[in-house]
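4 protein chains.
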Amino acid sequence: MSELDDSTEVTTEAGHHHAPGYAGSKRDVQARLRKIEGQVRGLQRMVENDTYCIDVLTQISSVTRALQAVSVALLSDHMHHCVADAVSAGGPGGAAKVDEAMKAVERLVRS
Amino acid sequence: MSELDDSTEVTTEAGHHHAPGYAGSKRDVQARLRKIEGQVRGLQRMVENDTYCIDVLTQISSVTRALQAVSVALLSDHMHHCVADAVSAGGPGGAAKVDEAMKAVERLVRS
Amino acid sequence: MSELDDSTEVTTEAGHHHAPGYAGSKRDVQARLRKIEGQVRGLQRMVENDTYCIDVLTQISSVTRALQAVSVALLSDHMHHCVADAVSAGGPGGAAKVDEAMKAVERLVRS
Amino acid sequence: MSELDDSTEVTTEAGHHHAPGYAGSKRDVQARLRKIEGQVRGLQRMVENDTYCIDVLTQISSVTRALQAVSVALLSDHMHHCVADAVSAGGPGGAAKVDEAMKAVERLVRS
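Protein chains in written order, with this note's numbering: chain E, 1 to 111; chain L, 1001 to 1111; chain F, 2001 to 2111; chain S, 3001 to 3111.
Take the hints with a grain of salt, since some may be wrong.
Here are the simulated DSS-like cross-link-like pairs (lysine-lysine), alpha carbons at most 25 Å apart as the crow flies [as the list claims (entries may be wrong)]:
1. E:Lys-26 <-> S:Lys-3026
2. S:Lys-3026 <-> F:Lys-2035
3. S:Lys-3103 <-> E:Lys-26
4. S:Lys-3026 <-> E:Lys-103
5. S:Lys-3103 <-> S:Lys-3026
6. E:Lys-35 <-> L:Lys-1026
7. L:Lys-1026 <-> E:Lys-26
8. F:Lys-2026 <-> S:Lys-3035
9. L:Lys-1103 <-> F:Lys-2103
10. L:Lys-1035 <-> E:Lys-35
11. L:Lys-1026 <-> F:Lys-2026
12. F:Lys-2035 <-> S:Lys-3035
13. F:Lys-2026 <-> L:Lys-1103
What the hints contain is simulated information worked out from the structure, not anything from laboratory work.
Looking at chain E on its own, in the form it has when it is part of the complex:
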């Protein structure tokens, strides 16, 4: 993002030291999020213009589905890279990554 970055590595609070699983699809994820941002602004215009409740609800459902599609895409990237790498490395790290991913699945199912 910044020209100051000299490595693509990041360190999160969980001590991860590598490019995120979505590194290869970052541009696509950002494009989707920008579109979703535009849809949320569109929702504000609909409400501003007193659009009929049901039409606003239909549009919110569309935004929600778009967000869930981003989640599924990110989770797929995460499984293909972060989780698969940890599993391939052997040791307890793989099982820990699987457990962490499953907690994300649970949040996704509940949201």
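Since chain E is already given, all that's left is putting chains L, F and S on it; use the hints.
Then chains L, F and S, alone, in the frame of chain E:
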């Protein structure tokens, strides 16, 4: 709804001629949507900064829940006003409004 | 259900004294629930026979959707009868019924 | 998976030849499914007794959540065993298993 209204009325493709059910909570709905827009921009920054996949997913779940809460609030307003008014007016209009609201519930459950 | 019933009325803990909203579609609801019960027994056979995880998951999704369809049908009946009747009767009872139905919608969206 | 196994093996249409990922928690899964079957029978009794719509809906939500919990548990077992084994084995089989698991996640999120 009333022939006396002249300015805040809207006419949708379904022929609705009255203020939306959320008229009384419009300011609150707009504040929620602006906050959600800010959260979606925050998501773009997270992705830009290569934030760990799982942390991005957690934040998306938060945005999805916020959107669903807006949907539930709008649907409640719609039921209390648009649907209740149509039912109180008697005739087949009430049942049609209930059917329309139930289709929105189905979309909400599926999204 | 029982030959002792001499009235279709029921009194619930909430003080409801009338036939349920699904009175007219009771046979259909029961048929759906019996089919769902059969599907759950089918799931037990699948697990007993060590069916591949993904195939079991696909079948559970099918049962979950069937249950949600029953919920949507019951909620529709409830809105068309119990809620509409309370709203038509005027007074605060209508708004209370709408609030109660909206809590059910929230549980449905979350489940 | 191994050519040495001979009895508990199953062959699905996808050509899987090993004990399912839930082999170690089969008893727990079956106990949960039997409880869910009992809950579905309880739903039939509620409907038979003209239980108030909202109370039936609340109970259906409880059953739906129980089913989703079984799905999450099965998916976790599947990831820890079937997916992890395929990834550890190297080759394209791991990515195929991840893709297959992600399709199950999508169905779970949608249901």
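Against the structure, the hints:
1. E:Lys-26 <-> S:Lys-3026: violated, 40 Å
2. S:Lys-3026 <-> F:Lys-2035: Within the cut-off at roughly 24 Å; holds.
3. S:Lys-3103 <-> E:Lys-26: Between Lys-3103 of chain S and Lys-26 of chain E the Cα gap is close to 21 Å, so the pair holds against 25 Å.
4. S:Lys-3026 <-> E:Lys-103: holds, 21 Å
5. S:Lys-3103 <-> S:Lys-3026: With a Cα-Cα distance of about 23 Å, the restraint between Lys-3103 of chain S and Lys-3026 of chain S holds, given a limit of 25 Å.
6. E:Lys-35 <-> L:Lys-1026: Cα-Cα ~24 Å, so holds.
7. L:Lys-1026 <-> E:Lys-26: violated, 36 Å
8. F:Lys-2026 <-> S:Lys-3035: holds, 24 Å
9. L:Lys-1103 <-> F:Lys-2103: holds, 17 Å
10. L:Lys-1035 <-> E:Lys-35: holds, 16 Å
11. L:Lys-1026 <-> F:Lys-2026: Violated, because 40 Å separates the two Cα atoms, which is more than 25 Å.
12. F:Lys-2035 <-> S:Lys-3035: holds, 16 Å
13. F:Lys-2026 <-> L:Lys-1103: Distance ~21 Å between Lys-2026 of chain F and Lys-1103 of chain L Cα, so the pair holds.
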